[in-house]
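Trainee: These are the residues of each chain, in order.
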Amino acid sequence: MIRIVLPQHLRTLARVNGEVVLKVEGPVTQRSVLDVLEATYPTLRGTIRDHVTQQRRAFIRFFACEQDLSLESPDARLPDAVAIGEEPFLVVGAMAGG
Amino acid sequence: MSGVRVLVGTRKGAFVLTSDGKRERWDVSGPHFAGWEIFHVKGSPVDQNRLYASQSSGWFGQLIQRSNDGGKTWEPVGNKFTYEGVPGTHLWYDGTQHPWEFKRVWHLEPSLTDSDTVYAGAEDAALFRSADGGQTWEELSGLRTHSSGPRWQPGAGGMCLHTIVLDPSDPKRIYIAISAAGVFRTDDAGKTWRPVNHGLKSGSIPDPTADVGHCVHRIAMHPSRPNVLFMQKHWDIMRSDDAGESWREVSGNLPTDFGFPIDVHAHEPETIYVVPIKSDSEHFVPDGKLRVYRSRTGGNEWEALTKGLPQTDCYVNVLRDAMAVDSLDECGVYFGTTGGQVYASANAGDSWAPIVRDLPAIFSVEVQTLP
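Heads up: the protein sequence lines correspond to chains W and U, in order.
FYI, the numbering for the first sequence is -13 to 84, going by this note's numbering.
FYI, the numbering for the second sequence is 262 to 632, going by this note's numbering.
By construction, these hints were calculated from the structure, which means they are not laboratory data.
Check each hint, because a few of them may be wrong.
Covered by chain W, per the in silico footprint, the following chain U stretches (three or more residues, Cβ under 8 Å) [what the hints assert, rightly or not]: (1) 314 to 328; (2) 331 to 341.
Chain U side only, calculated, beta carbon under 10 Å to chain W, not exhaustive [stated by the list, open to error]: (3) Gly291; (4) Phe294; (5) Ala295; (6) Trp297.
If you're wondering where the values come from, they're calculated on a predicted model, not measured in any experiment.
Backbone N, C-alpha and C define an ideal beta-carbon position, used for all residues, glycine too.
Chain W extracted, bound-state conformation (with noise of 0.2 Å):
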């Protein structure tokens, strides 16, 4: 199972608390995750990556394991920590304000 951690406003909108989980079937990478993730939530779609070029969204970061993987390709096989459940996939809205 995969563990998700949300930003609050997405947490919201998906009307979820805490770490969402979820079972992914094969590799797991930011696509498939995100994939099972927006399947499972549709109101997420167009939240996180663009609806149609399925890019990331300019201000949102994605880590894991104190890694920032949001420049990685979005088919790269994530941590195997990520992807036993040990460690959480984290959706993260860019640091903004000041």
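Starting from the known structure of chain W, fit chain U onto it as the hints suggest.
Mentor: Only chain U this time, still in chain W's reference frame:
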């Protein structure tokens, strides 16, 4: 007893203000969608419990919310706004061509005849329509692909389609306004469009009387006289008596004719309201005084309405969609400020009182008159 529901969009959420027909005591609910920018909330004239809201965020993009119970509960509907075909380019601030990119929905205009049909005005400028209650959106691309499109350019707030006016006497006629392109009209339900800006003069563009390029801030119509339009342009209050074919200035004795909103009294089609703003470089009311100006003659002759409004040390703005009227026997007028106040007048503007004082900066105010 009749009542009023005021729908308020702010920089950090939506609020619903309700009162009975006296409009003295108000119930405030919200924030709905706390933390999100709510550019516009508007109800269907066919079903007053059907509301649509444009919710957006720099992080998470655009959402559309729909309510079927007058704003008590909401559900997100479709948010896929895709330009039809290859989007092409428009004029950028530096004079180069720039690709069309969807950013947000500024304005939602529910159909006059079908609660499931709603129009959305977008930045970068385009008009979308949903016929299924907001679940799916289709671009009326004849507007964006007009031959003048490459000459449209963004105003300071972006290249937004911010005004949609539906003609109650002709379901195929729609007016829209874009900053900074001007007013366009369709007479075939959105298939084809043409600019209707003859008579506008804008000193900030190379050809002041060009057919497109004007920074129109808002247009308004009284439903009993659909050929008469009023306009708050960047500078100038304008009027058309021929469905936009020609415009003439009616700024008259206003202290400044820069501003954003313009609206028409519910029962007096020659009575109009504006809120003069000091200038395009100082976006606040002149002299620290918040004054609505009313003309009972369709323009040119204006009177300041000040009773109940702050007349010292006030430096707020009133944005283009942040004024509305109710249709009770004595017309109510409402507006919201960038300082977070919503003011209401239950006597056509003669006197005012705040409904709320400390909301986030207000983007939009719409009013529903309830049976």
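Trainee: State the violated hints by number, sorted upward, taking the hints as numbered earlier in the document.
Mentor: 3
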